[in-house]
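For the protein sequence lines, the chains are C and E, in the order given. Per our numbering, the very first residue in the first sequence carries number 1; after that it's consecutive. Per our numbering, the very first residue in the second sequence carries number 1; after that it's consecutive.
Hints were generated in silico from the structure; no laboratory data involved. Incorrect hints may have been included.
Treat identical chains as interchangeable: a pair holds within one or across any two.
[As the list claims (entries may be wrong)] Computed list of lysine-lysine pairs in BS3-like fashion (alpha-carbon distance at most 30 Å, straight line):
#, residue 1, residue 2
1, 100, 88
2, 100, 312
3, 782, 356
4, 34, 759
5, 269, 527
6, 309, 100
7, 115, 258
8, 116, 88
9, 737, 624
10, 519, 564
11, 258, 116
12, 891, 519
13, 115, 309
14, 116, 309
15, 258, 425
16, 88, 115
17, 115, 312
18, 356, 674
19, 258, 100
20, 759, 668
21, 280, 88
2 protein chains.
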Amino acid sequence: MDRSVCLLLFLAIGITCVTAQSCGYQKCHSLPIKPGMINVHLVPHTHDDVGWLKTVDQYYYGANTTIQRAGVQYILDGVIPQLEANPKRRFIYVEMAFFKRWWDEQDEDMHSRVKKLVNEGRLEFINGGWCMNDEASTHYNAIIDQMTLGLQFLNTTFGDCGRPLVAWHIDPFGHSREQASLFAQMGYDGFFFARLDYQDKANRLKLQNMEEIWRGSPNDLGKVADLFTGDLFAHYGPPEGLCFGILCNGQPVQDDPKLHDYNVDERVKTAENRSMEQAKHYHTDHIMWTMGSDFHYQAANIWFKNMDKLIKYTNAGNKVNLLYSTPSCYVYHKNQAADVKWNNNNTDDFFPYADKAHSFWSGYFTSRPAIKGYVRECNNFLQVCKQLEVIAGPMPFTNGGPSSQTFREAMAVAQHHDAVSGTEKQHVANDYAMRLHAGAVECQEVVSHALASKMKKGSVDPPAAQFCSYLNISICATTEENDRFSVTVYNPLARQVTGHYLRLPVNGQSYTVSAPNGKPVQTQMLKVTAQTAKVRGPRGNATSELVFPVTVEALGFSTYLITKATGRASRSLFMPQVETNVVSMMIPQSPMMREDTEIHNEHLSLIFDSTTGLLKTITNLKTKLILNVQQAFHWYNSSTGNNDDSTQKSGAYIFRPNDTEPLPITTKGSVITKVVTGELVQEVHQVFSDWVTQVIRLYAGQRYAELEWTVGPIPFKDGLGKEIITRFDSDMQTDNKFYTDSNGREILERQLNHRLTWKLNQTEPVAGNYYPVNSRIFIKDKSRQLTVLTDRSQGGSSLKNGSLELMVHRRMFYDDNFGVGEALNESGVFGDGLVARGKHYLMLESPADSSQLHRNLGEQLYMAPAVSFTPNTFSTQDWSNNFNMAYSALKRELPASVHLLTLELSEEDTALLRLEHQYQAADGGTPQTVSLQGLFEPFEVVTSSVEELTLGANIHAEKLERLSWNTNEGTTGNVSQQCWDPSSATVSLKPMQICTLRFHVKRRW
Amino acid sequence: MDRSVCLLLFLAIGITCVTAQSCGYQKCHSLPIKPGMINVHLVPHTHDDVGWLKTVDQYYYGANTTIQRAGVQYILDGVIPQLEANPKRRFIYVEMAFFKRWWDEQDEDMHSRVKKLVNEGRLEFINGGWCMNDEASTHYNAIIDQMTLGLQFLNTTFGDCGRPLVAWHIDPFGHSREQASLFAQMGYDGFFFARLDYQDKANRLKLQNMEEIWRGSPNDLGKVADLFTGDLFAHYGPPEGLCFGILCNGQPVQDDPKLHDYNVDERVKTAENRSMEQAKHYHTDHIMWTMGSDFHYQAANIWFKNMDKLIKYTNAGNKVNLLYSTPSCYVYHKNQAADVKWNNNNTDDFFPYADKAHSFWSGYFTSRPAIKGYVRECNNFLQVCKQLEVIAGPMPFTNGGPSSQTFREAMAVAQHHDAVSGTEKQHVANDYAMRLHAGAVECQEVVSHALASKMKKGSVDPPAAQFCSYLNISICATTEENDRFSVTVYNPLARQVTGHYLRLPVNGQSYTVSAPNGKPVQTQMLKVTAQTAKVRGPRGNATSELVFPVTVEALGFSTYLITKATGRASRSLFMPQVETNVVSMMIPQSPMMREDTEIHNEHLSLIFDSTTGLLKTITNLKTKLILNVQQAFHWYNSSTGNNDDSTQKSGAYIFRPNDTEPLPITTKGSVITKVVTGELVQEVHQVFSDWVTQVIRLYAGQRYAELEWTVGPIPFKDGLGKEIITRFDSDMQTDNKFYTDSNGREILERQLNHRLTWKLNQTEPVAGNYYPVNSRIFIKDKSRQLTVLTDRSQGGSSLKNGSLELMVHRRMFYDDNFGVGEALNESGVFGDGLVARGKHYLMLESPADSSQLHRNLGEQLYMAPAVSFTPNTFSTQDWSNNFNMAYSALKRELPASVHLLTLELSEEDTALLRLEHQYQAADGGTPQTVSLQGLFEPFEVVTSSVEELTLGANIHAEKLERLSWNTNEGTTGNVSQQCWDPSSATVSLKPMQICTLRFHVKRRW
């Protein structure tokens, strides 16, 4: 009965209509469970990829049907009336990137109909992030952001009844422990996925260990990060033969005895058999069937009509009890079983994922390196943008004007498991990049506006900021074309950054750089290399790069003024221009006579072999640690062949080399073509082939070496797929162990040919040992730790003692037959193949020193300063008279262990703040306390308004009641880890803890 | 507002709810037509094949999705709420075979929702037959029956608003003139189809002659059979690029500017362009778009949502006006155009259909000859069954007990354009046959019951009748296994049949046959031939056939008692057993010495060539007409090749021989293997090859020769497709003309390489001259007419003067690529190929005599006596004491020109009667009057209850108001041709007129 009828009835005869609201687990109480029977929870669901074979908008609208018959708008249109038609029916929806689009197109009537269904628990949101993010190539910062975007939408729109209780990663290709930890911190009570190693799954089926309490952070967060986790039985589809949608081939329930092909008996028998098969492997008398699949329910009636019949006829028997349900009610009824003690000894993750002996899904750890790099870069700029919206206040925008929203959504979309993962079609990858670009451009306006508002002192407006997105290939119109320009550098960290080097493409011979305090800055000029000129093609024409260090305060900016020097006159102005010594590569007459090349700064010395030109030795000049380590590039030849198990091809998903030993990439003689020395930076330029080059740099004052690799276009004429690695081969004894981060947060120990919770039969000695490296990988012995930080997610491993490798790029010519239908053969800007350029940051320290160092370096890398430019018509003095040249939004820095993870606007005067303890206990992390009082320069935190929220920012922390589970070691439980102390207005953080607060800001202007 | 709300409102505040009823063309008045603009009538429709790639029930349920994604239940489920959601939306539904199934599964609430939509003109039934029947291989009797079944269901269920106003044959592969005539007689105002010859269509487009008044019966029924007929522009689908369903690839209307791929401008432009393209070729400012296709609207929302948007955005412009409409409203608005004079000079049909130069759809005229034969046979038995339900009263059945209903439905389904046409997959053909068989078996019970009730005199029940379905291959358990048995022959004609020969398989040497009057009947015994023994395989073991003539009164039966004679004793009983003279084939020493073979009866002499054994000369002994005519079998080698136009393959649809001259099928020497003479029947047995044989018979007293051909298994080992013809080559000069019937009724003149209304560019000299032969084909000169009647539909032609050919069987090994996806390669009972056996009836008469003779012979063939058997334990005397042995339900015979087309129960005491004047005016037909008073023996027609109906039995004749159209020759109009005169209780019939009456019967018992 709808509301209007109810009103009429009320007017007419005084009947009162109450719309039942049934949030949380209330809705599960009324399910028609039959104790003692197998209760089969039928979960009608659709898995809607936020882009894959089609773009996200094409999927929403259902365009490009020749590629895939998938239109999300139709799914949601159709499911609502189907739910209304039968109150027993249930449906879950997962991806807010789609739901929000649809919601915005609906009228008020539909809004109220949907709300009613949500309030009654008939339509349930599950997972509820913007997308179902990838777990291998995503950074935790972006995961939290994309989840927050979805969960806040749900919270705002549906309130408590819209809150997802269960996480649902049914398609991602392997599962990170950090993801489980984050979900637990977001308050989820359960987590389901489908893809785990086939050996692991077989073992779990045998041991009846398909559901367990997964420990997301056993050494730091403890029970807070424990999560009930279920591995789905039949992938994420329905049991065999019981798939009923328009995209399915299950036989409908044909129940009219007058028609031919009456099949009720067979259908019931199938349902019973499938139930009993599955129930053998699960605890309790509850099992779950995932009744749906990719873009199912476009013709929702087909599914529901046949399920209605299947339930009716099957339940007429006495063997099994089918019921419409949801994952949360399934979890609830699992939780109700008092007699089960759930296994809780899994502290590992679920990487790498193999679905059969030779199909290891470890290729996508590296697939599409440029997208992966761009996503990380965008995350950085998005944080800058969001911070500045809080710091400077939102832009005074008309509806749809510039804000961070476009970028937030684009970044959230890009976290999808076929986006940053690199497993989408090329045209879809292009679309993700375009979205990110559009979001970034909008944020450039926001940033420009915000910087200007903080720069402005009086009546003169600062020139509008310009941005240079191609600094990595030495392109920047503003710096190339102007003799006088300013550079404003914003630092998104909660503490000062110093010694951060800018490299600006310029055309002049000599420049003066003036610091905010008016003092000249030391600079160094470097010639643009041939390799960079080749990569940038006809774009840009800078001949040199101007290098100089900058210093920026916490959450603040510094403006540097640069002026091209002319002739001798300029020199007389005490510009400390350091001449670059370009040492052309000398080819000695006899190999015997050559000397090793060395570059060094105050921290590190790097020695390169005289014959090969390869890195040979690293010495930490402070600690005197020495490591003999050769670094070189190699390529694995991608397997091709047919598609049975033993002839799996390498492709977008799959890494499968033809041989266990990669082939070296090297020229005859030394790879070194140039050595640059100078006071600010020293460089060794290496050319391994005409498509693999590297510049190894030491900047003055930095504790790491920067290895900038440029790979591509990967040759294709020989038809051989190539997967390019950089490998460090050292003399360390590492016990076949190595360490990788999990989504950029906690570190997991890896061991060659070993899995922590099950006995591995290794069938792919290379691909089966690859793990995702989101931010860092290291090997160590007792005294030394060789750490490599990356600027994007890559696959990596240590296949031999002392060795460490990262895959940087890959190109192949066959589809690997997991649906994408294209070879991963990126053509790049010039059509001959994608060139990828990235950086590795190499540290040699003691293990004890390493952890905090790589934490803070990692933080600086993914939250690097944002640089903007303006042509400058002012004199230095005029500039400083008119504009603030340095600024900090923090009145005091946060401790090194505390990372300002999030600072963003929720509403105009409401901010969301996340502070994170970025050290693990094993890093020597200890509890920290931070006061919010008087912390921010532009506003005061209204402490009385502070709400402590769960990680997804959708639940008040004190209201969260997670289910408690019996385990081998007592119960998990509703462990509180509250961080906010209202009385002292302080935040307390234990190692790895993230504190999420929302508060009103009282602006000081 | 639904009825319950309305009631509440009424109770509460006294508002009166009126459900608008908008029948006929009322509903068209409110359409948002914009005069002066192009008004585009969007007609949402689904084309639901009543079997094709899947069986009719599989299509209903949506089973076997791997073959085709098609489930009709889902279409109807989904369309209803979509119509309810927007009152402007329209939908049409066509096939009652599906709709009735669905309707029966719905509850009362859905019934009232659907009725509301029908009453408001939002859901409209179009065509409304049980199926969309084929037009090439269907008999008019079966067409009328199947249409009646659907139309009566609609009338009973929905009343006047359910009446279809427009006929809709959008898929059948060519169109018969008789179909147009029948539709006109059923009261339709318009008729639409999609498939016509591509040259014809191009010509019509050029001449703006896509819509016209087609003259269905120019020489007999005149304006009564005129029909506004439209050729659809874009086949029966939507305009290119505007197909929106789940089975379509049109781009959705993407109207959210925030999303990528916004395409409203492009979509509107496309709609405008398509409108303007089409409008150029049609009169008036109305055009129609068929928005749907095969099994579309399984996800109805996709179609409607996008059409809603297309209409909204397109109509925001000022070029075209899109509106939801229906074919009837389109016809209505066409009709309103006062200034158009419609062409009405088309008296031709639309056969054969070619969609391109080498793709003539004339293969299916013959495809699946066994199904085609069985369908004709079933029609015969269905009429018997229905007549007997009226004559004897319905069986006292419990719900679902035996009646003619199952058979009616099975026959109606079998008329579908992928059923009797032979263009379905093999498993579907099997299903049709199974349905027919099930219907026939049920009718056997009905017939048995009815005959028994009329046979029974006192207390003794007659033995239950047994039926022999395999008499054509000399199998009948009752006659083979019993020494004494009865044969009861029911005659469904409205006049006596005499000299009808039975051929009963027996094992004895000699039998006595006793007529109903107790007198012995002359018989003849024939040996079962080797060919028949081979064809029947292990089934049956009769050694001989007992031949004797029977006489049966109008709508009556005669029982003959047969007793096996033993030894001499039997001979003494004056049994006039005529010894059969078996003349073994003599192979003379020298060809010169052989003599021609002759057989003859009192009417005809057939002379066979001494060398070849082929028919050489026919002489009509009464009229002295002589025709030199050779008859032989030939085969066309089916074309194979690729699928571009010039290499079209022969297949289920397409006839395309490799060469214009077929290859002869003949052995060395004479084909004659045996000659049988006797007083009742004389036979010449011919063997053309081990897979083509023929028996040519002359029965005493009959004016025709019977040619029983047996063809198959067609050899397959050479991989050559073969299409087998029988050809008569005579010395007549026929001016390249020949004559074929249209669905068994009127005769159309055909001319080689010629079309009546457009200039043909003949590209397939054989296939392009083939026409459907439903019942007869003839050639003639001034004095002689050679007429061949068939026992089933076949393709036929006359490719040379004096020649006449019929295709009897075909087998090929390639799909012809029109969707069926199988080669037409029937495997038959024994797996090596289907054997088909059938008969041709050959007459040589003057043209003047021929027409009435072939009319009455044709009538006798398709309404042949039905024969049933019982073992007999009575003496002849006891049988006649206990049981009536002869009976007629007619008290007086109808004239030879009047055919009793239909006699069936509508309700228990209501009968439907159709009387047909079966002569054309050109046959010498003159008006006839028949009185119904005292006509029937078992009941009196309650003359006061007589209702005259239109042909489909769904409209009172006097209420019919057909639209009047301006033509070149004045207006067509609502021409009354009433046949029932209540005052005299007589039926008046003009040539070719069919009178449809419904009345109460007052039974005499």
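Results of checking the hints against the structure:
Taking the shortest Cα distances, residue 100 and residue 88 sit within 30 Å of each other both inside one copy (25 Å) and across copies (28 Å). In this assembly of identical chains, residue 100 and residue 312 lie within 30 Å of each other by CA distance solely across copies; the values are 24 Å between and 35 Å within a copy. When the C-alpha separation of residue 782 and residue 356 is checked against a cutoff of 30 Å, the pair qualifies neither within a copy, at 37 Å, nor between copies, at 83 Å. Proximity of residue 34 and residue 759 under a CA criterion of 30 Å is satisfied in neither setting, with 38 Å inside one chain copy and 76 Å between copies.
With identical chains, the CA atoms of residue 269 and residue 527 are never at most 30 Å apart, being 76 Å at best within one copy and 54 Å at best between copies. For the identical chains of this complex, residue 309 and residue 100 are inter-copy neighbours only, at 20 Å across copies versus 32 Å inside a copy, given an alpha-carbon limit of 30 Å. Within a single copy, residue 115 and residue 258 get their C-alpha atoms only as close as 41 Å, which misses the 30 Å cut-off; across copies the closest is 24 Å, which meets it. Taking identical chains as interchangeable, the C-alpha atoms of residue 116 and residue 88 lie at most 30 Å apart whether they share a chain (14 Å) or sit on different chains (28 Å).
In this assembly of identical chains, the alpha carbons of residue 737 and residue 624 lie at most 30 Å apart only when taken from the same copy (24 Å versus 111 Å across copies). Taking the shortest alpha-carbon separations for residue 519 and residue 564, only the intra-copy value of 16 Å comes in at or below 30 Å, while the best inter-copy value is 133 Å. Taking identical chains as interchangeable, the C-alpha atoms of residue 258 and residue 116 lie at most 30 Å apart only when they sit on different chains, with a minimum of 28 Å there against 39 Å within one chain. Taking CA atoms no more than 30 Å apart as the test, residue 891 paired with residue 519 passes inside one copy only; the shortest distance there is 24 Å, against 129 Å between copies.
When the C-alpha separation of residue 115 and residue 309 is checked against a cutoff of 30 Å, the pair qualifies both within a copy, at 27 Å, and between copies, at 26 Å. In the homo-oligomer, the alpha carbons of residue 116 and residue 309 lie at most 30 Å apart both inside one protomer (25 Å) and across protomers (27 Å), since each shortest distance falls under that limit. In the homo-oligomer, the alpha carbons of residue 258 and residue 425 lie at most 30 Å apart only across protomers (23 Å), although the nearest pairing inside one protomer, at 48 Å, exceeds that limit. For the homomeric pair residue 88 and residue 115, the shortest alpha-carbon distances inside one copy (17 Å) and between copies (28 Å) are both at most 30 Å.
Proximity of residue 115 and residue 312 under a CA criterion of 30 Å is satisfied in both settings, with 28 Å inside one chain copy and 28 Å between copies. Taking CA atoms no more than 30 Å apart as the test, residue 356 paired with residue 674 passes in neither setting, with 47 Å inside one copy and 71 Å between copies. For the homomeric pair residue 258 and residue 100, the shortest alpha-carbon distance between copies (12 Å) is at most 30 Å, but the shortest distance inside one copy (46 Å) is not. With identical chains, the CA atoms of residue 759 and residue 668 are never at most 30 Å apart, being 44 Å at best within one copy and 79 Å at best between copies.
Taking the closest pair of Cα atoms, residue 280 and residue 88 come within 30 Å of each other only inside a single copy of the chain (27 Å); across copies the shortest separation is 54 Å, beyond that limit.
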